[in-house]
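**Q** Listed below are the residues making up each chain.
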Amino acid sequence: MKIGSFEDFKEGCRDAIPICLGYIAVSFAFGIEASKIGMTTFQAAMTSLLNVTSAGQFSALEIIARNGSFVELAILQLIINLRYMLMSAALSQKLDPQVSTLHRMGISYGVTDEIFGLSVLKKGKLYPAYSYGLIVTSVFGWVLGTSLGAFSGQIMPQRLISCLGLAIYGMFIAIIIPDTRKSRAVMVVVISAMALSTVFAYVPFLSERISAGFRIIIVTVCVAAAAAVISPKRNTEEDNIAGGESA
Amino acid sequence: MSRVYLYIILMAVVTYLIRALPLTLIRREIKSEFVKSFLYYVPYATLSAMTFPSILGATDHLYSSIAGFAVALILAFNNRSLLTVAGLSCLTAFVVELFL
Chain W
1 MKIGSFEDFK EGCRDAIPIC LGYIAVSFAF GIEASKIGMT TFQAAMTSLL NVTSAGQFSA
61 LEIIARNGSF VELAILQLII NLRYMLMSAA LSQKLDPQVS TLHRMGISYG VTDEIFGLSV
121 LKKGKLYPAY SYGLIVTSVF GWVLGTSLGA FSGQIMPQRL ISCLGLAIYG MFIAIIIPDT
181 RKSRAVMVVV ISAMALSTVF AYVPFLSERI SAGFRIIIVT VCVAAAAAVI SPKRNTEEDN
241 IAGGESA
Chain Y
1 MSRVYLYIIL MAVVTYLIRA LPLTLIRREI KSEFVKSFLY YVPYATLSAM TFPSILGATD
61 HLYSSIAGFA VALILAFNNR SLLTVAGLSC LTAFVVELFL
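Here the protein sequences line up with chains W and Y, keeping their order. Take the first sequence: its position 86, counted from the start at 1, is 86 in the numbering used here, and no numbers get skipped. Take the second sequence: its position 80, counted from the start at 1, is 80 in the numbering used here, and no numbers get skipped.
Because the hints were derived from the structure by calculation, they are not lab data. Misleading hints may appear alongside valid ones.
Across the chosen pairs, the derived CB separations fall in these ranges [what the hints assert, rightly or not]: (1) W/105 - Y/100: 48 to 54 Å; (2) Y/35 - W/17: 23 to 29 Å; (3) Y/3 - W/96: 39 to 45 Å; (4) W/136 - Y/3: 42 to 48 Å; (5) W/40 - Y/17: 34 to 40 Å; (6) W/7 - Y/56: 48 to 54 Å.
Here are some of the chain W residues that sit facing chain Y, going by a computed Cβ distance under 8 Å [stated by the list, open to error]: (7) 59; (8) 80; (9) 85; (10) 186; (11) 206; (12) 207; (13) 210; (14) 233.
25 Å max Cα-Cα, derived DSS-like pairs, lysine-lysine [claimed, not checked]: (15) W/10 - Y/31; (16) Y/31 - W/94; (17) W/10 - W/122; (18) W/94 - W/125; (19) W/122 - W/94; (20) W/94 - W/2; (21) W/2 - W/182; (22) W/123 - W/2; (23) W/122 - Y/31.
Just so it is clear, CB atoms sit at the ideal spot from N, CA and C, and this is done for glycine as well.
Just chain W, with the same shape it has in the complex (with noise of 0.2 Å):
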């Protein structure tokens, strides 16, 4: 059957447990975060539960705090979840060709870099009733830690708070070092953009005109390109996206 059985569901929701787990925690600090910045823990939720993605919704804030442009929130997203489309890309290779629109319109919902990295690995097909049960648990997770963690936020400590401001550059950092040791490319790659981002955030000139989100597109653009002219991969698609990122 191409749509798949309950027994995917079930199967989909037992191998997103450690996904869940993790997404509490990253969204607990996504919750504190927004909630320091005065949204509600309803639009925290509702956030974490339209979006699901990490970078993208953590950038946004930025954005939200100082009520900067919507041109430029679009433009921060469209950029920063660009990968999600070429995981996209690939997910639509492992489904049947005869599943619908529809189907397919609902697992797009779940495209994350964990989802993905499960729907990937998964032997043979893909159908669309696993990938609902690791949207379902996965997603669960992610609302349920930002609800805690903007509520939480507004009775914490300051000294706790203070302390998980780090847990989202701690996941980052866990994300891109490890492939540093494997590729000199993305060593090189993640130096000069934080090299270059640093750039932008003190230079008297460029640090005034340049908001972070304008900064975190234009470091992406120039160093992405630089490096695929520069070190371009020659490896199928599969083993780049599966051997690369999460979250």
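With chain W held as given, fit chain Y onto it using these hints.
**A** Just chain Y now, with coordinates in the frame of chain W:
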């Protein structure tokens, strides 16, 4: 405050379209080597730019941020899990702040 909901919905729409368009429309493999390479490097560049120098202001004190950053780098370089890296990074900052 309704502006917040506009932000949330706008980013949700953009993010969803990014995810849905390839899955529903593109049924062939991406051929361009440049596009594939570019997309491969995007997450590393984005997450790096988001992490530094912003991480220096992640906690209330510069020194606890630096300590947490250093611990995260060392643990991640030794392939520790996401939860370990994030958790111990926070713990380090917490301990350092006890002495500040």
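**Q** Does 23 to 29 Å hold as the CB distance between residue 35 of chain Y and residue 17 of chain W, or does it fail?
**A** violated, 35 Å
**Q** Can you confirm whether the C-alpha distance between residue 2 of chain W and residue 182 of chain W stays at or below 25 Å?
**A** Given pair residue 2 of chain W, residue 182 of chain W is violated - Cα atoms ~37 Å apart, limit 25 Å.
**Q** For residue 122 of chain W and residue 94 of chain W, compute the direct alpha-carbon distance and say whether it is at most 25 Å.
**A** holds, 9 Å
**Q** Quick one, are residue 94 of chain W and residue 2 of chain W close enough, alpha carbons at most 25 Å?
**A** Between residue 94 of chain W and residue 2 of chain W the Cα gap is close to 12 Å, so the pair holds against 25 Å.
**Q** Within 25 Å, alpha carbon to alpha carbon, are residue 94 of chain W and residue 125 of chain W?
**A** holds, 6 Å
**Q** With the threshold set at 25 Å, check whether the alpha-carbon distance from residue 123 of chain W to residue 2 of chain W stays at or below it.
**A** holds, 15 Å
**Q** Within 48 to 54 Å or not, the Cβ separation of residue 105 of chain W and residue 100 of chain Y?
**A** Between residue 105 of chain W and residue 100 of chain Y, where Cβ atoms are some 51 Å apart, the hint holds.
**Q** Next item in the hint list is residue 85 of chain W. Is there a CB on chain Y closer than 8 Å to its CB?
**A** Nearest chain Y Cβ about 5 Å off; hint holds.
**Q** When the nearest CB of chain Y is found for residue 206 of chain W, is that gap smaller than 8 Å?
**A** violated, 13 Å
**Q** Does the closest beta carbon of chain Y sit nearer than 8 Å to the beta carbon of residue 233 of chain W?
**A** Hint holds; residue 233 of chain W Cβ to chain Y Cβ min 5 Å, cut 8 Å.
**Q** Taking the CB of residue 40 of chain W and the CB of residue 17 of chain Y, does the distance hold inside 34 to 40 Å?
**A** violated, 26 Å
**Q** Take the C-alpha atoms of residue 10 of chain W and residue 122 of chain W, compute the straight-line distance between them, and say whether it is at most 25 Å.
**A** Holds, at roughly 14 Å.
Checked against the numbered hints listed earlier, the structure breaks hints 2, 4, 5, 11, 12, 13, 15 and 21; every other hint is satisfied.
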